[in-house]
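2 protein chains.
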Amino acid sequence: MGKKLRIGIIGVGGMGSGHAMGIHSGTGNTIWSTQIDYVPPFPGEMTSNLPDYLELAGVYDINPARNEWAINHGISVFENYDAMLADPTVDAILIATPNHLHKDMAISAMRAGKHVLCEKPVMISSADMLDVMAVSKETGKVFYPRQNREWDEDYLIVKKIYDEKLIGNVFNIKCRIMGSRGIPGDWRGVKEYGGGMMLDWGVHIIDRIVKMIPEKITNLFCHFTYITNPECDDGFQLHLTFANGVTVNLEVGTCHFVNEPLWCVYGDKGSAMINNWNLDGKLVRLISWDDKDTMPILAGAGLTKTMAPRDGGESVEEFELPRFDFDRNALYRNFVETCNGEAEQIVSQEHALRVLRIMEACFESSETGKAIAFEA
Amino acid sequence: MGKKLRIGIIGVGGMGSGHAMGIHSGTGNTIWSTQIDYVPPFPGEMTSNLPDYLELAGVYDINPARNEWAINHGISVFENYDAMLADPTVDAILIATPNHLHKDMAISAMRAGKHVLCEKPVMISSADMLDVMAVSKETGKVFYPRQNREWDEDYLIVKKIYDEKLIGNVFNIKCRIMGSRGIPGDWRGVKEYGGGMMLDWGVHIIDRIVKMIPEKITNLFCHFTYITNPECDDGFQLHLTFANGVTVNLEVGTCHFVNEPLWCVYGDKGSAMINNWNLDGKLVRLISWDDKDTMPILAGAGLTKTMAPRDGGESVEEFELPRFDFDRNALYRNFVETCNGEAEQIVSQEHALRVLRIMEACFESSETGKAIAFEA
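Chains as they are written, first to last, in my numbering: chain R, 1 to 376; chain A, 1 to 376.
Careful, some of the hints might be misleading.
A pair holds if it fits inside one copy or across any two, identical chains being indistinguishable in the list.
Straight-line C-alpha distance at most 20 Å; calculated SDA-like pairs for lysine to any residue [what the hints assert, rightly or not]:
1) 165 - 211
2) 370 - 247
3) 305 - 13
4) 305 - 189
5) 174 - 214
6) 305 - 276
7) 174 - 260
8) 370 - 218
9) 305 - 176
10) 305 - 149
11) 282 - 260
12) 370 - 243
13) 174 - 249
14) 370 - 249
15) 269 - 226
16) 305 - 260
17) 370 - 242
18) 160 - 193
19) 174 - 215
Derived from the structure by calculation, the hints contain no laboratory data. No experiment lies behind these values; they were computed from the predicted model shown.
The task is simple: from the sequences and hints, build the whole structure.
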């Protein structure tokens, strides 16, 4: 690998502090935060050794308490953002400020000759993204969207099932992210700061699904909820139809005191389910479609054979979900390799732009009540 | 109660045989069928005694084997449908033939002076329904849609939660009926006979939900599947927005080898879930919204407090689902009382017409890919 990159972090809130400790500790594990002081290294053997290619130059936050937290953890603190940008030993900036600040900070950084790794949602609008992409092109500096959840194991399981047709041709996929605590605190509840759950979790689950299914989206219908916050969406239900006929239901909720399965995947030869973040679940594959003999079950006032489960029958086979080891620092690594001209961006600017446009179509759909023939 | 009604049944297939044995045995339990010979009486004390108000005059089917089955079970068989209609001791006809035959048979029956109890979907189209309603008005004969699932216990549980605000104001309801055996056999897989799952299960779950939520539907988006049958819908996903802001997701699937929860109900003060037909489930009520202190959980590559479950916390309270005893013969009874001029139809013609129109809007939505501002 080429040059080891020195990175400065602007913003030391939830994500910024995670990055700071992840890089400072050398594990890359960003689940550190200002509220948690110890996080074990990643399990598995595939994770690349972060200190080989990335080191922390320092951080800065407008909140003095957060800078103090950094100092107490042995992390250098810059005097301000300008000082970080002016430091010639800083190769790159990681932006972890509220969403509405990303654009100006990214442009300043690239104009100061720094590469940029930018927290998601990278921009509040696709128009802003186009401006930032223009500056990236003009300056020759990398602008890298930190949309990191295509390396989540739950997604990798679903992607394997989809790609390898483990349950035949998939026709419907559901992914649901459900909590019961409303929108996370402070600026995420404020519209002008880029708050709301679509920009928070929506970006991730849309990002991944449109990467998994390469076809265009032909139709999109979205409904937002405003149960716990009248200003910012605290959840949504999104229906996507792809050009290959596959439909996807994405849902985020923050007023949900019971949990539906995290993922459901339906194919013409079976189904798979991931129940929760622990990745409990199963894959059920059909052996014989014609073996329909079963005792009907009582379903309310009626008897149903159609809806009777196949439990205990010999017409289906049940499997454990496939599991993975993988490089959990893959995004950091690809960022560094991209900056060094050694690799293509795995999370491309064009991809992030498409995700922003899909999210804009979601808002349009929810506000108008109409389905959007998005890329048809 | 007034006059005891004598009823003839036309069609001795899955539902016709159930009705025949339910009435013949006096239990009213229609889960009998030509494949099952003994069904216990309903549990509970609330169920009215069917023999007090309804008796079976006889049955008829164009399939001789089914008439033979009836005779073997001590049930009278008419020579044909005309003979049934011509019998002056027959007060009412129960129509349990394939869906495309309902209209002509219902009109013939009413013109012959018989009341009609008609299996669902009562008609294939709202236009047919208007014709039948006109004949009902003209002849003064009852035409009663046998949309019987508003007396299902799972629905009664959800209705109680909704009506009594047991989890605060409900904002979203999901009901999913999932099987793995495709569309049930014979005519239900043929479009011109009124096949497909929307007309089979859709009618029930739409029927109930629009009865529970009295407001108009302002928006409707529906997507059908044709996985196991290219001609008839073998499932669908339906989004409804009501004028009070409540959204409902109804789903039927017949290529689903894992089961999502049967019902999920989300309110601003809690959630409820019915997992399956055994009515396993729970109701979770929020005690303190502000008590958000919790340890974050690991969710893929990131840490989330927002999506961390409240398990074991003291900020929520968990309850068993409310259960009910009720008159499981309520529809038969109301039909008889209506024929005797003693009651209003609980399942009115106008209601069935509305359900048919909603289903037509579903087909329009799925075919065009558009949302329908249905009754807005």
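Comparing the hints with the structure gives:
| no. | hint | in the structure |
| --- | --- | --- |
| 1 | 165 - 211 | within (17 Å within a copy, 41 Å between copies) |
| 2 | 370 - 247 | both (17 Å within a copy, 15 Å between copies) |
| 3 | 305 - 13 | between (54 Å within a copy, 14 Å between copies) |
| 4 | 305 - 189 | between (48 Å within a copy, 15 Å between copies) |
| 5 | 174 - 214 | within (17 Å within a copy, 30 Å between copies) |
| 6 | 305 - 276 | between (29 Å within a copy, 15 Å between copies) |
| 7 | 174 - 260 | both (10 Å within a copy, 11 Å between copies) |
| 8 | 370 - 218 | both (14 Å within a copy, 11 Å between copies) |
| 9 | 305 - 176 | between (29 Å within a copy, 16 Å between copies) |
| 10 | 305 - 149 | between (40 Å within a copy, 17 Å between copies) |
| 11 | 282 - 260 | both (15 Å within a copy, 13 Å between copies) |
| 12 | 370 - 243 | both (19 Å within a copy, 16 Å between copies) |
| 13 | 174 - 249 | both (5 Å within a copy, 13 Å between copies) |
| 14 | 370 - 249 | both (16 Å within a copy, 16 Å between copies) |
| 15 | 269 - 226 | between (38 Å within a copy, 14 Å between copies) |
| 16 | 305 - 260 | between (25 Å within a copy, 18 Å between copies) |
| 17 | 370 - 242 | both (17 Å within a copy, 15 Å between copies) |
| 18 | 160 - 193 | neither (36 Å within a copy, 40 Å between copies) |
| 19 | 174 - 215 | within (17 Å within a copy, 29 Å between copies) |
Consistency with the previously given hints fails for number 18 only.
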